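Participant: So you can see what is in the structure, the chains are spelled out below.
Protein chains: 2
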Amino acid sequence: MKIAFVQIALAMVVIAISCKQHAIQENTAVAQLSTPLFPKGEKITNSNFTGDVWLNSLVNADSLNSIAVGSVTFAPGARTKWHSHPAGQIILALEGAGYYQEKGTAKRILRKGDIVKCPPNVSHWHGASIDSNFVQVAITGREKGETVWLEAVTDSVYRKP
Amino acid sequence: MKIAFVQIALAMVVIAISCKQHAIQENTAVAQLSTPLFPKGEKITNSNFTGDVWLNSLVNADSLNSIAVGSVTFAPGARTKWHSHPAGQIILALEGAGYYQEKGTAKRILRKGDIVKCPPNVSHWHGASIDSNFVQVAITGREKGETVWLEAVTDSVYRKP
Numbered sequence: 074m075k076i077a078f079v080q081i082a083l084a085m086v087v088i089a090i091s092c093k094q095h096a097i098q099e100n101t102a103v104a105q106l107s108t109p110l111f112p113k114g115e116k117i118t119n120s121n122f123t124g125d126v127w128l129n130s131l132v133n134a135d136s137l138n139s140i141a142v143g144s145v146t147f148a149p150g151a152r153t154k155w156h157s158h159p160a161g162q163i164i165l166a167l168e169g170a171g172y173y174q175e176k177g178t179a180k181r182i183l184r185k186g187d188i189v190k191c192p193p194n195v196s197h198w199h200g201a202s203i204d205s206n207f208v209q210v211a212i213t214g215r216e217k218g219e220t221v222w223l224e225a226v227t228d229s230v231y232r233k234p
Numbered sequence: 074m075k076i077a078f079v080q081i082a083l084a085m086v087v088i089a090i091s092c093k094q095h096a097i098q099e100n101t102a103v104a105q106l107s108t109p110l111f112p113k114g115e116k117i118t119n120s121n122f123t124g125d126v127w128l129n130s131l132v133n134a135d136s137l138n139s140i141a142v143g144s145v146t147f148a149p150g151a152r153t154k155w156h157s158h159p160a161g162q163i164i165l166a167l168e169g170a171g172y173y174q175e176k177g178t179a180k181r182i183l184r185k186g187d188i189v190k191c192p193p194n195v196s197h198w199h200g201a202s203i204d205s206n207f208v209q210v211a212i213t214g215r216e217k218g219e220t221v222w223l224e225a226v227t228d229s230v231y232r233k234p
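Chains R and P, in that order, are what the protein sequence lines are.
Residue numbers for the first sequence follow the working numbering, so the first one is 74 and each next one is one higher.
Residue numbers for the second sequence follow the working numbering, so the first one is 74 and each next one is one higher.
Simulated from the structure, these hints should not be mistaken for laboratory data.
Please read these numbers as outputs of a predicted model, since none were measured by experiment.
Mixed in with the good hints, there may be bad ones.
Identical copies look the same in the list; a pair holds intra-copy or inter-copy alike.
[Stated by the list, open to error] Think about it this way: if two alpha-carbon atoms lie no more than 20 Å apart in a straight line, the pair counts; the simulated SDA-like pairs of lysine to any residue are:
1. Lys-185 <-> Ser-136
2. Lys-154 <-> Asn-129
3. Lys-185 <-> Gly-169
4. Lys-176 <-> Leu-137
5. Lys-217 <-> Pro-193
6. Lys-190 <-> Ser-136
7. Lys-113 <-> Trp-155
8. Lys-190 <-> Gly-114
9. Lys-113 <-> Gly-186
10. Lys-190 <-> Asp-135
11. Lys-154 <-> Thr-178
12. Lys-154 <-> Arg-181
13. Lys-190 <-> Leu-137
14. Lys-154 <-> Gly-177
15. Lys-217 <-> Ser-139
16. Lys-190 <-> Pro-112
17. Lys-154 <-> Gly-143
18. Lys-185 <-> Thr-108
19. Lys-217 <-> Pro-159
20. Lys-113 <-> Pro-192
21. Lys-190 <-> Ala-141
22. Lys-116 <-> Val-230
23. Lys-113 <-> Glu-168
24. Lys-217 <-> Ala-141
Given these sequences and hints, build the entire structure.
Facilitator: Given below as structure tokens:
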């Protein structure tokens, strides 16, 4: 009977170890997969944004290639001011939950994989939702000039469903 | 003694169930995190590629916004032909391991988060590595015309370290 006890105890130890090892492997996989696509970059210190926003300038426009690409990370509640782009802008949503609104239309919720094609010279804003961060790639043609910055997005506009 | 046996058996069942539940939770997390950023799209059937390649056209260029954006998935060994872009191209590496080579230079290995800024009219190719798939976003200005397709990338060029 004692031998049976030892065998059972041994089996329990084996189950517990295999369970632990499995958990370690899975956690490693989760850590690898949840690595952000791009580093967060530098905190934006200019007055064109409300709240905490970080920019990683991935590609700068130059005389040969007029397209600029940047990864932007918005803390919950953070957003751009109203603004427009002379050549429009494309937004690819990477992580979290964000908002996008063009003047005169309802705001849209953006999640991973969503795409916005913002037309030239249309006033709009984008940013994180109230309780989640938001990471996006912004693709902007610079051949027709720089972004035109307008007024801040008020709390009441930001919070309007 | 029989009661002790039942208790031990019960404890083993509890450990096994809790281990299984943990594994299910972890697998769900892995599945969520490993969801591709964009769906794979349609298999490319034209002759500009070698091997199996899928395209998801995220944004088409139009008269207002000249930038096209697409997600391209290459199976292991698959690649473009040599080609060039009149307005250049930007590549963002999303997943897997890929290659990028400009004519006259050594090929470069691309991994998640790597960025290529390919100058206008420079002959180049890109694709998956030999033993891994490769997913990339291609950002292409269409204002100066369409891609110029050239000869296929031979196996010896593709495999050269």
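Participant: Taking the hints in turn, state whether each one holds.
Facilitator: Hint by hint, here is what the structure shows:
Taking identical chains as interchangeable, the C-alpha atoms of Lys-185 and Ser-136 are never at most 20 Å apart, the minima being 32 Å within one chain and 27 Å between chains. Taking the shortest Cα distances, Lys-154 and Asn-129 sit within 20 Å of each other inside one copy (19 Å), while across copies they are farther apart (32 Å). For a Cα distance limit of 20 Å, the shortest separation of Lys-185 from Gly-169 qualifies both inside one copy, at 7 Å, and across copies, at 19 Å. With identical chains, the CA atoms of Lys-176 and Leu-137 are at most 20 Å apart between copies only, with a shortest distance of 18 Å across copies and 33 Å within one.
When the C-alpha separation of Lys-217 and Pro-193 is checked against a cutoff of 20 Å, the pair qualifies both within a copy, at 10 Å, and between copies, at 19 Å. For the homomeric pair Lys-190 and Ser-136, the shortest alpha-carbon distance between copies (13 Å) is at most 20 Å, but the shortest distance inside one copy (24 Å) is not. Taking CA atoms no more than 20 Å apart as the test, Lys-113 paired with Trp-155 passes in neither setting, with 23 Å inside one copy and 34 Å between copies. For the identical chains of this complex, Lys-190 and Gly-114 are inter-copy neighbours only, at 19 Å across copies versus 24 Å inside a copy, given an alpha-carbon limit of 20 Å.
Within a single copy, Lys-113 and Gly-186 get their C-alpha atoms as close as 18 Å, and across copies as close as 12 Å, so both meet the 20 Å cut-off. Proximity of Lys-190 to Asp-135 under the C-alpha cut-off of 20 Å is restricted to the inter-copy arrangement: shortest distance 11 Å between copies versus 22 Å within a copy. In this assembly of identical chains, Lys-154 and Thr-178 lie within 20 Å of each other by CA distance solely inside one copy; the values are 16 Å within and 44 Å between copies. Within a single copy, Lys-154 and Arg-181 get their C-alpha atoms as close as 16 Å, which meets the 20 Å cut-off; across copies the closest is 39 Å, which misses it.
Within a single copy, Lys-190 and Leu-137 get their C-alpha atoms only as close as 23 Å, which misses the 20 Å cut-off; across copies the closest is 10 Å, which meets it. With identical chains, the CA atoms of Lys-154 and Gly-177 are at most 20 Å apart within one copy only, with a shortest distance of 15 Å there and 46 Å across copies. In this homomeric assembly, Lys-217 and Ser-139 come within 20 Å of each other (Cα to Cα) both inside a single copy, at 9 Å, and across copies, at 12 Å. With identical chains, the CA atoms of Lys-190 and Pro-112 are at most 20 Å apart between copies only, with a shortest distance of 18 Å across copies and 24 Å within one.
Only within a single protomer do Lys-154 and Gly-143 lie at most 20 Å apart by alpha-carbon distance; the minimum there is 17 Å, versus 29 Å between protomers. Taking the shortest alpha-carbon separations for Lys-185 and Thr-108, both the intra-copy value of 14 Å and the inter-copy value of 10 Å come in at or below 20 Å. In this homomeric assembly, Lys-217 and Pro-159 come within 20 Å of each other (Cα to Cα) both inside a single copy, at 6 Å, and across copies, at 18 Å. In the homo-oligomer, the alpha carbons of Lys-113 and Pro-192 never lie at most 20 Å apart, since the shortest distance is 27 Å inside one protomer and 26 Å across protomers.
Both within a single protomer and between protomers do Lys-190 and Ala-141 lie at most 20 Å apart by alpha-carbon distance, with minima of 15 Å and 10 Å respectively. In this homomeric assembly, Lys-116 and Val-230 never come within 20 Å of each other (Cα to Cα): the closest approach is 24 Å inside a single copy and 43 Å across copies. Taking the closest pair of Cα atoms, Lys-113 and Glu-168 come within 20 Å of each other both inside a single copy (12 Å) and across two copies (18 Å). In this assembly of identical chains, the alpha carbons of Lys-217 and Ala-141 lie at most 20 Å apart whether taken from the same copy (12 Å) or from different copies (17 Å).
The structure fails to meet hints 1, 7, 20, 22 from the earlier list, while all remaining hints are met.
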